[in-house]
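Asks: One-letter residues, chain by chain:
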Amino acid sequence: MTPQPPVGAGAPTPLRPTHALRTHDVRVAFQGNEVVRGVDLELRAGEWLGLIGPNGSGKSTYLRSLLGLVPRTGTVELGDGLVPTPTDLSFMPQAPELPPGMTVVEYVLLGRTAHLGWLQAESTQDRQIVASVLRRLGLASFADREVRSLSGGEAQRVVIARALTQQAPVLLLDEPTSALDVGHSVEVLEMVDELRHQDGLTVIAAMHDLGMAARYADRLLLLEHGSPQALGVPEEVLDPDLLSRVYGHPIRVVELDGHLVVVPAPRPTRPTGGRHTAIDLESRRMEEIS
Amino acid sequence: MRSRTPTPEAQRAPDALEASVARAFRRPVAALLGCVALLVLAILASASQGAAGLPVEGVVRSLVGAVPGLDVEQTLTTQQEQVLWQIRLPRTMLAALVGGSLAVAGAGYQGVFRNPLADPYLLGVSAGAGLGAVLALGFGLDLSWGPIDALPMAAFLGAVLAVIGSVLVARASFRDPATLLLAGVAMAAFFSASQTYALTRLDETRAREVLSWLFGRLATHGWQPVGMLVPYVVLAGAVLVLHARHLDVLRLGDDEARSLGLKPARSRLVVVTAATLITAAAVSVSGLIAFVGLVTPHVVRLLVGHSYRLIVPLSAVLGATFLAFVDIGARTLVAPAELPVGVITAFIGAPFFSFVLWRGKANP
Chain Z
0 MTPQPPVGAG APTPLRPTHA LRTHDVRVAF QGNEVVRGVD LELRAGEWLG LIGPNGSGKS
60 TYLRSLLGLV PRTGTVELGD GLVPTPTDLS FMPQAPELPP GMTVVEYVLL GRTAHLGWLQ
120 AESTQDRQIV ASVLRRLGLA SFADREVRSL SGGEAQRVVI ARALTQQAPV LLLDEPTSAL
180 DVGHSVEVLE MVDELRHQDG LTVIAAMHDL GMAARYADRL LLLEHGSPQA LGVPEEVLDP
240 DLLSRVYGHP IRVVELDGHL VVVPAPRPTR PTGGRHTAID LESRRMEEIS
Chain B
0 MRSRTPTPEA QRAPDALEAS VARAFRRPVA ALLGCVALLV LAILASASQG AAGLPVEGVV
60 RSLVGAVPGL DVEQTLTTQQ EQVLWQIRLP RTMLAALVGG SLAVAGAGYQ GVFRNPLADP
120 YLLGVSAGAG LGAVLALGFG LDLSWGPIDA LPMAAFLGAV LAVIGSVLVA RASFRDPATL
180 LLAGVAMAAF FSASQTYALT RLDETRAREV LSWLFGRLAT HGWQPVGMLV PYVVLAGAVL
240 VLHARHLDVL RLGDDEARSL GLKPARSRLV VVTAATLITA AAVSVSGLIA FVGLVTPHVV
300 RLLVGHSYRL IVPLSAVLGA TFLAFVDIGA RTLVAPAELP VGVITAFIGA PFFSFVLWRG
360 KANP
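If you're matching them up, the sequences are chains Z and B in order.
For the first sequence, numbering that gives the first Met the number 0 assigns the number 289 to the last residue and increments by one with no breaks.
For the second sequence, numbering that gives the first Met the number 0 assigns the number 363 to the last residue and increments by one with no breaks.
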């Protein structure tokens, strides 16, 4: 009889209650130009933190610095004071590389890399973990498909499967839904939310869509030019005046069915009838000046 | 999604999934056995074909009889025995070892550089070995050491020097495969120029000898070159096969590989070192044999897919098989003269590779 896969395979080893991630004064500079300027953060185990901010605000760079992909200063430590390794942090990149000819099983299997020694091959247990993660995410029938042949939503589920196979207590997501339509975005985020509740995963996700961020994250961290501007529950951080300033455009935050919705303020009403393009308005302004 | 209904795939029989997973893990037993059978066939054919044909049955009996503990009736004459053991077999084994070396090194380089055009001569190995050969053959530079002749030694050192040069030029950028590749191009250009200059200083007979070596030629010097090659093939070959898993992770790119816990620069250094040593050793006894290292991994991909765990070991066996077969042609097509084996591999390899490119199947 073949041994049964461990119960809840795909779930990380149980955490001590104190176990979480802490960063202090994390800074990243490229050629003297500081792009992350001192991020302090303390995460409870099982918490979802949403990183928000305009393009170039340092969200991705901060995530990558936690993984050690870019040189950083400052401290990053787990609750027990240890520096995190790839068995502690799994990562879902913004545009995952999907190698030609690689099948879903082969791809998800790579999530076990951190658990293998330099010359070690995967064991039966690694194999069972892959099988149970695929089954858990409803990917069993995709096992032999090539990753290149999957649709955007399917591919994203496969990347999540790889991250789960890594069995790390902290999951880092870089814009997990930037390539997906609204339906698939919700599907992916719901899946992550469900997994973190079941497994007690701690999630840090860089998110473009502020409404989605408000809906899924417990707390939000707003970055501008690499500096933290606000940290707290979505209701606090999503302040229209603050967002308008940071994003450089008037922004309104409304509540709809108990969810926060963030929308750009309506365009200013035009003085007279007829349609005007921005260029029309611009040229009229020029006339007024001259 | 919170109350996800069971999708059809979730209800699929679990053993189908287990089978898929098992398939992904399956050691390439069937394919490997098939290729090894082909290799045995190639060795038998190569050992019995030549200026003096040997009966295949007698060859098999002689080979089986050589295994300690196995006693079979021998049917070859003493003279045939001598031809088989002193001329044919060493030459055949050399062809197989060189072919396997070049192909496995090619697979390693293609994995490390994530480039389907990578071949064993990429980092200046060919030009470095060529310069060494010119100096040894043409100018009598004598670096012979112990049982190793001056020519293989000079070619080996030239090859290793060129690669060390490439790695040093790329230095800090060893993290970036593209930079290393460009450094190899620069190094190859420099060594080629030196080699060409040295060639112009030679008289015609010697220049001809050097050129024929450069085209790729399997020596018929008994077991000595085979013995020289074996340690490299075993050691470097084992290193490459054991790192095939790393090459699969590297296919995701350096950032993702690092986030998964691999150290790409270190893996790359190990694989490049092993592939370079095995190539330099092969080149030092056989000259430059084109296309084996480039094409064999692509053939394997067409057969078994893109996982390096299959590509690396199968390339070794298939490259050995291919060169053993090609060597039969080299010895018999224009007998009693001999064709440089590198000319035949290029004649076969170039059109085949063009075909693979045209089909659009050349992915690393």
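Rather than coming from a laboratory, the hints here were simulated on the basis of the structure.
If you're wondering where the values come from, they're calculated on a predicted model, not measured in any experiment.
Where a beta carbon is used, it is the ideal one built from N, C-alpha and C, also for glycine.
Some hints could be false.
[Unchecked claim] A few chain B residues facing chain Z, derived, Cβ under 8 Å:
| hint | residue |
| --- | --- |
| 1 | Ser19 |
| 2 | Glu72 |
| 3 | Arg244 |
| 4 | Val248 |
[To be verified] With the Cβ distance kept under 10 Å, some of the chain Z side facing chain B (calculated, not the full set):
| hint | residue |
| --- | --- |
| 5 | Arg63 |
| 6 | Phe90 |
| 7 | Leu241 |
Asks: Run every hint past the structure and note whether it holds.
Replies: Each hint, compared with the structure:
no.: 1; hint: Ser19; verdict: holds (4 Å)
no.: 2; hint: Glu72; verdict: violated (44 Å)
no.: 3; hint: Arg244; verdict: holds (7 Å)
no.: 4; hint: Val248; verdict: holds (5 Å)
no.: 5; hint: Arg63; verdict: holds (8 Å)
no.: 6; hint: Phe90; verdict: holds (4 Å)
no.: 7; hint: Leu241; verdict: violated (31 Å)
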